[in-house]
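Asks: Going line by line, the protein sequences match chains A and B.
Each residue of the first sequence is one higher than the last, beginning at 1 in this note's numbering.
Each residue of the second sequence is one higher than the last, beginning at 1001 in this note's numbering.
Hints may be right or wrong, so weigh each one.
[To be verified] The calculated DMTMM-like cross-link candidates involving lysine to aspartate or glutamate, where the alpha carbons are at most 20 Å apart (straight line), are:
| hint | chain 1 | residue 1 | chain 2 | residue 2 |
| --- | --- | --- | --- | --- |
| 1 | B | 1141 | A | 32 |
| 2 | B | 1141 | A | 144 |
| 3 | B | 1028 | B | 1378 |
| 4 | B | 1178 | B | 1261 |
| 5 | B | 1180 | A | 27 |
| 6 | A | 98 | B | 1052 |
| 7 | A | 73 | A | 101 |
| 8 | A | 185 | B | 1333 |
| 9 | A | 175 | B | 1173 |
| 10 | A | 110 | B | 1365 |
| 11 | B | 1025 | B | 1397 |
| 12 | A | 121 | A | 144 |
| 13 | B | 1134 | A | 55 |
| 14 | B | 1180 | A | 28 |
| 15 | B | 1141 | A | 28 |
| 16 | B | 1134 | A | 32 |
| 17 | A | 145 | A | 27 |
| 18 | A | 110 | B | 1358 |
| 19 | A | 110 | B | 1368 |
| 20 | B | 1178 | B | 1193 |
| 21 | A | 109 | B | 1397 |
| 22 | A | 185 | B | 1365 |
| 23 | B | 1242 | B | 1261 |
| 24 | B | 1141 | B | 1093 |
| 25 | A | 232 | B | 1052 |
| 26 | B | 1026 | B | 1395 |
| 27 | A | 80 | A | 106 |
| 28 | B | 1141 | A | 27 |
| 29 | A | 109 | B | 1365 |
| 30 | A | 70 | A | 32 |
| 31 | A | 98 | B | 1365 |
| 32 | B | 1202 | B | 1399 |
| 33 | B | 1385 | B | 1234 |
| 34 | B | 1134 | A | 28 |
Worth flagging that the hints you see were computed from the coordinates, not collected in a lab.
In case you want the letters, here they are:
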Amino acid sequence: MTRQSPKVGIYGFTGCAGDQLMILNCEDQLVDLFGATEIRSFVMAMSDNHEGELDVAFIEGSISTEEQLKRIKEIRERSKVLIAIGTCACHGGPQAMKLGEGRFEEMYKKVYGNAKISVSKAFEAQPVDAFVKVDMYIPGCPIDKGEFLGAVSKLVAGKSPYLYKFPVCTECRWKENPCILYQGKFCGGPLTRAGCGAVCPSHNLPCVGCWGPTDDLNVSSEYELLKEKGYKPEDIIQKIKKFGGAAVAKLVKDLESKKEANK
Amino acid sequence: MKELNVEALARVEGDGGITVTLDGKKVKNVTLDVHEGPRLIEQLVRGLTPADDLNVIPRICAICTLSHRYSAIRGLEKALGIVPPEKAQLTRELMMLGENVESNSLHTFLLALPDFLGYPSAVAMLNDYGDDVKRALRLKKFGNHVMAVTSGRIVHGENPILGGFGRYPSRKELEEIKLKAHELVPDAVRDVELFASLDYPKYSEADMVFMSVNAPKKQYGFAGESILISNGKEVNVEDYRKLTNERVVSHSFAKRSLYQDKTFTVGANARLVNMGKRLDGQAADLFKQHFDERWLKNPLMNNLAQAIEMLWSLEHIPDMVDTVASLDNPPIEKPTRQNGSGTGAVEAPRGTLYHHYDIKDGLIDAADIITPTAQNLDDIEKHMKLTAERMLAEDKDDEEVRLGLEMVARAYDPCISCATHLVTLKRV
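Just need the whole structure built from these sequences, with the hints factored in.
Replies: So, in structure tokens, the structure goes:
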């Protein structure tokens, strides 16, 4: 093997640190992971971090302060490939669920009152690609170990990773789960990207949509399926917007306008 | 005026730093700076259904995901008049034991220990302390496994819901947990011995006040209806505001907490000071052997406290498994009212976590979440200031002072993204 191990940086922005934690949760592969790559920066796990040119930057979390905005741009400049990991980095996450509703200032005041606070300016959280180019998305809340490690090993071998594009329903069928929708439960599965192994339906619970919207080509028929089940478009949006933020609102808008055009 | 900075505090959950402001040799101020962005979670959940709230609030923090979920469940069930079945209660306790093993092993070994042994990370320790690191990873993996079996997955499992569980763990899954827990007890004992053998610097020592949830039936545990204070007082969790007194300070978005104008400590050390006599098994023996007056003054002792507590959690898993397995799966209990208020309090691995909810017409009208790190912030700064003053008085160089301060901050196992009110703090 003459291939040099790729220089990797793992960075956290606004979120719960769950995706970085999932990397640390790869207990059986952690030692190999640190061996196969040259981890230059991973502040959550080590204190001797070196910031410089990177082959791959993994970004967790959404962007929500001026300081973070400066930092994500700086990381982008010195990284060949930038990968958004986790639903917050990919779609904004729960903190972006009201994105575009213009209520940030009001909510912010309710938490902090009129106290004068001398810190970097904060704004409503947005996904990473609202500010810099993202080369690859590995969503999940948190990311799945298997999908993450699979992507890393492909990248180490210089190949493109294969990432799931179909909805949770497909994984449910693989598991031969009885359909939650037929039990009268409002399941987000048809519109949510797979990768979790249909974990909620496998526990008799409706999918909460935490991986964000699927980019499956068949998504419009999945949306129609939910409407046929009697769910209103606004409830469907509310259901999956908890994690998908702007991406979900846009998805539903596209679906509605596509339908208009087909009339 | 000189500043000593730790720009990015490594090996903690979340994005923070430390700033020490010096005037000559005099320490003017020490702050734990937080660069974490605001999320306004309490505002975002207003108008959601209680079930939707339970999907969102665990995302406050990945490491204490189940503590957030359990604290919210306790508050919401009270508000909605739900009495959970016994099996649900005990399965929740089992999941908390799993989270305790997972989080305490992660913090003690991967985040805190490298400082004591002079390494930048646990991975860097592999050559010299490979067995210890691998032992910690085994424990952490097991804790994660218990969390997955009970909650559905290792992080942000959705299986614990209001009134019960989506699916109760199977007898086979429970039996596997029991066997593995027995097998790992010697590992946890060795961890206690290792942490008991460390040298805990005295620079941060000062009188401390400890608070923790009072587990019922005079047993050790992680949830209850009142708060114990080390001054002998006991307060109902519904009166939590009297204890936490959240206030906004001008230099940070982090809301702060004082009790009777004094800083106080929450965490494993607080639990053991308040409830250590209730421990049983080998954990009790080791606690008796190692508990001394240092615990009442030195925040660094939280590392040893976490190791002892992890052993207790592990020793308790087999009994808990037997009880859970002996009970039939009950149906999910439904709300009996659509309006009400309730406060949940649990012991997250890093300290007391409150979730208070007001429900109006079946929807969240108001939410108040007070995290352990928010309660500890003033206390962390107090002990860091003492450390800086005493180390500088001994002419320690900047590097040593930095490490000394980082060790104090890390000892509290801070969870910076957990503190929902934290935002960038920049000093001029």
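Asks: Indicate, hint by hint, whether the structure satisfies it.
Replies: Verification of the hints:
1. Proposed proximity of residue 1141 of chain B and residue 32 of chain A is supported: the alpha carbons are some 16 Å apart, at most 20 Å.
2. In summary, the hint linking residue 1141 of chain B to residue 144 of chain A is supported, as the alpha carbons are separated by about 15 Å, within the 20 Å threshold.
3. Restraint check for residue 1028 of chain B and residue 1378 of chain B: the C-alpha separation of about 15 Å stays at or below 20 Å, so the hint holds.
4. Our distance criterion of 20 Å between C-alpha atoms is broken by residue 1178 of chain B and residue 1261 of chain B, whose separation comes to about 45 Å.
5. Only pairs whose Cα atoms come within 20 Å are accepted, and residue 1180 of chain B paired with residue 27 of chain A is accepted, the gap being roughly 16 Å.
6. Restraint check: the Cα-Cα separation between residue 98 of chain A and residue 1052 of chain B comes to about 14 Å, which is no more than 20 Å; the hinted pair holds.
7. With a C-alpha separation of about 26 Å, the suggested pairing of residue 73 of chain A with residue 101 of chain A is violated against the 20 Å cut-off.
8. This hinted pair checks out: residue 185 of chain A and residue 1333 of chain B have alpha carbons roughly 17 Å apart, not beyond 20 Å.
9. Proximity of residue 175 of chain A to residue 1173 of chain B is assessed by CA-CA distance (about 18 Å); at most 20 Å being required, the pair is judged to hold.
10. For the hint linking residue 110 of chain A to residue 1365 of chain B, the alpha-carbon distance of about 13 Å falls within 20 Å, and the restraint holds.
11. As the CA atoms of residue 1025 of chain B and residue 1397 of chain B are separated by approximately 12 Å, the hinted pair is consistent with the 20 Å bound.
12. A threshold of 20 Å between alpha carbons decides the hint, and for residue 121 of chain A with residue 144 of chain A the separation of about 33 Å lies outside it, so the pair is violated.
13. Restraint check for residue 1134 of chain B and residue 55 of chain A: not satisfied, since their Cα atoms lie roughly 29 Å apart, outside the 20 Å limit.
14. Between the alpha carbons of residue 1180 of chain B and residue 28 of chain A the distance comes to roughly 16 Å, so the proposed pair stays at or under 20 Å and holds.
15. Using a Cα cut-off of 20 Å, the hinted pair residue 1141 of chain B and residue 28 of chain A holds, with the two alpha carbons roughly 9 Å apart.
16. Note on residue 1134 of chain B and residue 32 of chain A: the hinted pairing holds, with a Cα-Cα distance of about 13 Å set against a maximum of 20 Å.
17. Between residue 145 of chain A and residue 27 of chain A, the direct Cα distance comes to roughly 10 Å. Compliance with the 20 Å bound is thereby established for this hinted pair.
18. Straight-line distance between C-alpha atoms of residue 110 of chain A and residue 1358 of chain B comes to about 16 Å, which keeps the hinted pair within the 20 Å bound.
19. With a CA separation close to 12 Å, the supplied pair residue 110 of chain A and residue 1368 of chain B stays within the 20 Å bound.
20. Using a Cα cut-off of 20 Å, the hinted pair residue 1178 of chain B and residue 1193 of chain B is violated, with the two alpha carbons roughly 23 Å apart.
21. For the suggested pair residue 109 of chain A and residue 1397 of chain B, the alpha carbons sit about 43 Å apart, so the restraint of at most 20 Å is broken.
22. For a cut-off of 20 Å, the pair hint linking residue 185 of chain A to residue 1365 of chain B is broken: about 24 Å separates their Cα positions.
23. At roughly 12 Å between alpha-carbon atoms, residue 1242 of chain B and residue 1261 of chain B fall within 20 Å of each other, so this suggested pair holds.
24. The suggested pairing of residue 1141 of chain B with residue 1093 of chain B holds, with an alpha-carbon distance near 18 Å, which does not exceed 20 Å.
25. A distance of roughly 17 Å separates the Cα atoms of residue 232 of chain A and residue 1052 of chain B; the hinted pair therefore holds under the 20 Å criterion.
26. For the suggested pair residue 1026 of chain B and residue 1395 of chain B, the alpha carbons sit about 12 Å apart, so the restraint of at most 20 Å is met.
27. Taking the CA atoms of residue 80 of chain A and residue 106 of chain A, the gap is near 39 Å; set against the 20 Å cutoff, the hint is violated.
28. For the suggested pair residue 1141 of chain B and residue 27 of chain A, the alpha carbons sit about 6 Å apart, so the restraint of at most 20 Å is met.
29. Straight-line distance between C-alpha atoms of residue 109 of chain A and residue 1365 of chain B comes to about 17 Å, which keeps the hinted pair within the 20 Å bound.
30. A distance of roughly 33 Å separates the Cα atoms of residue 70 of chain A and residue 32 of chain A; the hinted pair therefore is violated under the 20 Å criterion.
31. The hinted pair formed by residue 98 of chain A and residue 1365 of chain B meets the criterion: a straight-line CA distance of about 17 Å does not exceed 20 Å.
32. Proposed proximity of residue 1202 of chain B and residue 1399 of chain B is supported: the alpha carbons are some 18 Å apart, at most 20 Å.
33. Only pairs whose Cα atoms come within 20 Å are accepted, and residue 1385 of chain B paired with residue 1234 of chain B is rejected, the gap being roughly 30 Å.
34. At roughly 9 Å between alpha-carbon atoms, residue 1134 of chain B and residue 28 of chain A fall within 20 Å of each other, so this suggested pair holds.
Hints 4, 7, 12, 13, 20, 21, 22, 27, 30 and 33 from the list above are not met by this structure, while the remaining hints are.
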